[in-house]
Amino acid sequence: MNRFPLWKYVLIGITLVVAFLYTLPNFFGEVPAVQVSPVRTSEKVDTALLGQVESALKAAQVAYNAVELAGNSIKVRLASTDVQIKAKDVLQNNLGERYTVALNLVSASPPWLSSIHALPMYLGLDLRGGVHFLLEVDMKAALEKAAIRYQNDFRTELRSDKIRYGRISRAGNAVTVHFATRDQRDAAANKLGSVFAELAFSPEDQAEGFTLTARLKPEAQTKVQEFALQQNITTLRNRVNELGVAEPVIQQQGASRVVVQLPGVQDTAKAKDILGRTATLEIRMVDEQADPLAVSQGQAPFGDDIVASREGGNIAVKKDVVLTGDSITDASPGFDSQSGQAAVHINLDGKGARIFKDVTRENVGKRMAILLIEKGRAEAITAPVIREEIGGGRVQITGMETAQEASDVALLLRAGALAAPMQIVEERTVGPSMGAENIDKGFHSNIWGFLAVVSFMVIYYRVFGLISSVALAINALLLIALLSMMQATLTLPGMAAIALTLGMAIDANVLINERIREEIRAGLTPQAAIHAGYERAWATILDSNLTTMIAGIALFWLGSGPVRGFAVVLCLGILTSMFSAVTVSRAMVNLVYGRQARLTKISI
Amino acid sequence: MLEFFPFKKTIPFMSWGKATTAISLLTFLFAVWALWDRGLNLGVDFTGGTLIEVRTDQPADLHVIRTALEKTGLPEISVQNFGTSHDVLIRLPNKGEANAAETSNRVMAALQSVDATIELKRVDFVGPQVGKELYDSGALALLLVAFGIMAYLAIRFEWRFAVAGMLGNMHDIVIILGMFAFFQWEFTLTVLAGVLAVLGYSVNESVVVFDRIRENIRKMRGATIPHIIDDAITRTMSRTIITHGSTQLMVLSMFFFGGEALHNFALALTIGIMFGIYSSNLVASPLLLMFGVKREHFIKPVEKKEEAVV
Chain A
-4 MNRFPLWKYV
6 LIGITLVVAF
16 LYTLPNFFGE
26 VPAVQVSPVR
36 TSEKVDTALL
46 GQVESALKAA
56 QVAYNAVELA
66 GNSIKVRLAS
76 TDVQIKAKDV
86 LQNNLGERYT
96 VALNLVSASP
106 PWLSSIHALP
116 MYLGLDLRGG
126 VHFLLEVDMK
136 AALEKAAIRY
146 QNDFRTELRS
156 DKIRYGRISR
166 AGNAVTVHFA
176 TRDQRDAAAN
186 KLGSVFAELA
196 FSPEDQAEGF
206 TLTARLKPEA
216 QTKVQEFALQ
226 QNITTLRNRV
236 NELGVAEPVI
246 QQQGASRVVV
256 QLPGVQDTAK
266 AKDILGRTAT
276 LEIRMVDEQA
286 DPLAVSQGQA
296 PFGDDIVASR
306 EGGNIAVKKD
316 VVLTGDSITD
326 ASPGFDSQSG
336 QAAVHINLDG
346 KGARIFKDVT
356 RENVGKRMAI
366 LLIEKGRAEA
376 ITAPVIREEI
386 GGGRVQITGM
396 ETAQEASDVA
406 LLLRAGALAA
416 PMQIVEERTV
426 GPSMGAENID
436 KGFHSNIWGF
446 LAVVSFMVIY
456 YRVFGLISSV
466 ALAINALLLI
476 ALLSMMQATL
486 TLPGMAAIAL
496 TLGMAIDANV
506 LINERIREEI
516 RAGLTPQAAI
526 HAGYERAWAT
536 ILDSNLTTMI
546 AGIALFWLGS
556 GPVRGFAVVL
566 CLGILTSMFS
576 AVTVSRAMVN
586 LVYGRQARLT
596 KISI
Chain B
369 MLEFFPFKKT
379 IPFMSWGKAT
389 TAISLLTFLF
399 AVWALWDRGL
409 NLGVDFTGGT
419 LIEVRTDQPA
429 DLHVIRTALE
439 KTGLPEISVQ
449 NFGTSHDVLI
459 RLPNKGEANA
469 AETSNRVMAA
479 LQSVDATIEL
489 KRVDFVGPQV
499 GKELYDSGAL
509 ALLLVAFGIM
519 AYLAIRFEWR
529 FAVAGMLGNM
539 HDIVIILGMF
549 AFFQWEFTLT
559 VLAGVLAVLG
569 YSVNESVVVF
579 DRIRENIRKM
589 RGATIPHIID
599 DAITRTMSRT
609 IITHGSTQLM
619 VLSMFFFGGE
629 ALHNFALALT
639 IGIMFGIYSS
649 NLVASPLLLM
659 FGVKREHFIK
669 PVEKKEEAVV
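In order, the protein sequence lines correspond to chains A and B.
The numbers in the first sequence follow our numbering, run straight up by one, and end at 599.
The numbers in the second sequence follow our numbering, run straight up by one, and end at 678.
Extracted from the complex, chain B is given alone in its bound form (with noise of 0.2 Å):
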């Protein structure tokens, strides 16, 4: 039998609640200090803006095409490439014109008049409306989704689990946003559903965690809650490395293969995955212990059963 993890002790997991906790407060603070200094690098789909993606048959000059961009007048252009040396990406700003949906025409017809050959791939318009309505539908999106998740594991569970859950889990959101921030990668819708699918995907672990805890609560009858904690997470390591490293090599399958398009959302769920299996495991567990989840939240003592009165 094959076996990555034959431990036959258990880990002292809780133990460690420490330096776990230390750490994670460290990584959090500075996933939100990134958040606050630098902010994430918004998609044109949250911003508004125009975003015209441009194909060339000879490695694209640059210097020639904002030129040709910088006659039409328009504000603000961005002009770089994008993957490969034949590949252009070009950036507007909604500036408030009232025919912005007219501007990828005009820069299509000033890209044709330098080079004929140039083939248009994509063209992304979005109103500074729609933008901001994206915006907020996103938002409130990941809060739907964290309290239907919380609702759940309350009504599965205990609300202790709950919240701890939950608390793991936006430790890991917030870690990726951070990530995002820091490294001022591109945030786009993609990347949003990403996220969310990171923050259902994740509180999986948990709720396997918790499954085990409460299993032990009601077998281990003489332990004590931490030593029930660590058993759990120790019976479940083996299982919590192999189902992410599995899910790890479809990701990194739609990083390597997936292209542009899936480069950034392929990220997210990486680091999703990554913090996953360590906040589920080291965060939400001493969290659990914090608030000081007891046996008699599972073992319901003896009902007495009232006779009917004939």
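The following block holds chain A by itself, in its conformation from the complex (with noise of 0.2 Å):
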């Protein structure tokens, strides 16, 4: 009654091989290595690419393992981290500013393993070092935005179509258009209503004249704050291209967050200064006519804001926004070719492009403003003179102090303006040095606590307490099989929700082996009191780790970080538990026992 039919043996065995197989790279470690990968997403790398990296590398003799192409990114294996600071820098320089060379670690294991897909568990933050950021986005701010930029939209269609109109105000995100005739505002409501499908318009009739308000409808408003989204998600990733991280996460985290994890950063400083930067630019007209003394005083005329600039003093600007930050395409540093002095040169889209065409046509002569807005507070970056009507949409702006100031201005264009500013609201970072120790700490915690279990289990039980110890050794082998396969994240609570998992998962054996002393004593048969000993309790066994399963769902469900790392292992463990605690288990001791036909005593 003790025996398998051969094909579970053979599923048993599979199993452990497989599993074997897939925990293997955790055991090779890490070889240090320089990954390159194109500074935007949308570039490609090929083996063109690979070639070039290649014999840069054999130019400058720096010494190589091997070089591969790895996702969109090309990852060279190096011998120690000397030369990889050596290889970066030769990279760096030789393959210039459109790839970002970053140092990185990687597996050490024989490519074989790599080509079944066989990698090591995907260490957490709180391992490897590094930081994890929290972003949130101001939605009211990006609705506020898309409201700004109908009011401009209003002005161009309503003069467009010769409708005449008296002023357009703008109340939190609400625009209102007056009219001086009911007349006019019915044409405009016309006219607006069918280019604009995504507003509700509402005319009002009032005692100085009419108006019609215009507001986003529900759809339109969840449309715009998922755009304002998809395009800061974008503009980090672009930050954090130019910082260099090996495997950056950047990840959108419910409506309104962004959750960023940059691995092995040691200058949390200047990531932090370069995420955190809730920039925005605009692009507008200085009003010349107004009054310097007032303008001075900080008193804004009609229709203008008073911004500070960074060469000092105020200035004022027109209200009317002439581009945003979503038009720059590229920015780069460099020098004006006639006076040598520092500039930047920036590329505009298509719509941009005609926009700043027709701008600088009508405004030979005047002064045009680019802003940097931080925080709510506005600064001009500069307000150069239009000499000339610029076309084609490439601008080179000249004033700049420095050549790394110039660098600076044209990092913040390029990496794009935000659609709507940004704040941390969660940061964790931890230390290279200490994720080290904690890998550490969570493998003793592991280790001393499987021996003391193992020793206790072969004392009490003999025979039946090694059986259940191979049964709990498999166990860890499963669950930590099934993580690297998996590649979800290891934390330092996954780690202790693995020694958990191991201390509860030998419950089971223990009720498995206290239940045949039962039935011994009870007077049945030594292979009697194995099968009932495994039957009976094998209803409590489902029981008792269904409700432990109840907790780890809920916990995956509503934890964050750390708590969901703790929450994954739980729920694998108790799976993995058990099959190794029961079927695994079963099948040794039918290997044992099973066969002897007149068995009359066992040793548990």
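Honestly, the hints are just simulated from the structure, not real lab data.
It is possible that part of the hints are untrue.
To be verified - Dumping the calculated DSS-like pairs for lysine-lysine here, alpha-carbon to alpha-carbon at most 30 Å: (1) B:Lys587 x A:Lys265; (2) A:Lys265 x B:Lys463; (3) B:Lys662 x B:Lys500; (4) A:Lys135 x B:Lys463; (5) B:Lys587 x A:Lys218; (6) B:Lys463 x A:Lys596; (7) B:Lys376 x A:Lys140.
Starting from two chains that each stand alone, build the complex the way the hints lay out.
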């Protein structure tokens, strides 16, 4: 009765072999590597670049172990961290600014393991060191910004149809157009209603005139918010690329938040500075008619805003926005070909280029201000004079004091303005040494606990204890294999969960062993006792594991970060323990005792 | 055969009902008092704020560090040693500043001006909104787990078992929380995960005993209910001690080798395991008796089969 059919042994055998294979990469450790990836995510890495990397390294006589294409990046395996830094410098100089070159660690497991997607466990930031940021997008500001855009668009539309209007005001995200007559208002309502289907218009007759108020329809609001979030994620991705991080994670979380994880980043202050920069860009005309005295005292003339200038003092700029940062496709630092001054070269997209051409044609000799708006405070980075009509969307700005400043401004422009301001609402930084320490601690917690449990089991239950211990070791193997296969993030609480599930998994074997002892005491033959022990304990094991599973699922569902890592391991551990403690241990018992027809004594 | 608990006779646990109920009630009330009077010492995860851990080459001079930090003008800075004399923990509350995320940069700059070798080990910054959300979702998780397990027990057994099992476990949770409040141990997200794991784990214990009770009800036809419960507890006693012992070995290993990060987590589990043994046997079972569990709840009367009308 204690025999398994052959297929069960085969199945268990296959499971163990597969588990072993996928656990294997974790034992090989990591080697230093340099990772090359394109700055713009739209660009692809190909074999031509691979050749370029190889020849650059050969030319500089940097010894490397292997060069491989992995996803959209190239990884160069190196012998030591000294060579790693040298290789990074060589490649950075050779490949230029289109590619980021980052230091990385890659698994040292042999290629045939990687080819079956057997990778080491994916370590969380608390184990490998790095920075985790949670950023929140200011959705109110995103909607207000959309409203400001509509203010401008209304003006253009009404002018092109020659519909006379008074002023266009904005309160929050509602835009109100004022008219002298009802006919004008109705004509405008028709016109605007047909052009802007995403807006809801409500006419109102007031004592001082007629108004038309436009608000975004709820579904259009969600769209604006989704767009703002997507745009910010793209911007963040570009900024992170500027930082040169090997495996960054940038993900949406909920409706208004973005998670940014930068493994291995050591200079957290710089990372925070670049990511947390909540700058938006606007190009507006300078109001040349404004009274300089009033401006210097901070009194804004009608229709103007007063902003601080980087060169000192205040300047008055028109409220109308010519262009926003969205229109800028590229920006690079350089020098003016005539004067040799530091300059920034900007490329605009098609629509931006057209607008820019019109505006510069009409305003030759006047000044145009580029505003950097950070945390609600606007600052004019520069306010150059328009010398001539600028077509083709290529703009050069001079007036920067140093090359460094030009490069800073270019980075800001290139990284793209954010659709709406963002704020860091959560930060978790773990230093590199701390990560290694945490791995050590987690590992030691597991190994000593495991040894203690195993010695107890073997002393107390002898052969059955040994079988239980082997089953427990197999449980650990299965769990690590599963975590490696799924590439689930392993955190320190996750390592604690491994220890905890191992401690709890032995429960199933204790239940079974106790039950067998009891059945023997009740007078059953050893074979019958083994059979009854496993059968009767099964219901209890299932019940008790399912209740823990409920806790695990709730934790996964509601938990964040470290807690979620804990929950994943807890749930997986329960699944593997049911298999190893019941099926695998039974197979071993059957192998040891099942064949003996006249078994009179078992070691339990 | 090595046996710790060779009980031949059934131990009359249920007759100790009054004493155990009194003990439970006292510890429970004590825990509730501690929670009410002292409150939990919530970590940065829940309150929001900044926590910075640094390591110094020489044993850290907290006075020098404090003076350096006071110059930054940041309010209510607390500086203390953490584990060893080389490790320093700095805490700052959120003070409604717009760029609270910059705080850690300012602190590190101030620290490096007095000691350039100082090494940043960890920064946790949690904004006020996020802290509140973590607190809310933590509380929600606790409720959800409690109800989920209760529903499971109700389906698998009977509502009396579900309520008894849950009350027994809530008793453990309140005692863990009470201990944390009384000793003002820091309550973090990891500790919360530990508490929830205890909730799931400690129900295991009740389930094992309940399973036995159900089995006995079907088997021991002549016995009274208290005797059936006593028998179930006595026979699972040895397993109870051994499994909890094994889990405790693992937890102790975490306690000693897991460092500060897992220290309080292991502590919560230890209290949970200790009280789990006690509560599932000596709290849940008497409650079951009190709710009036009967043989009929498990042995269904034979249903009369109705003939199909042709």
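Hints not upheld, ascending by number: Checked against the structure, the hints that fail are numbers 1, 3, 5, 6, 7, while the rest are satisfied.
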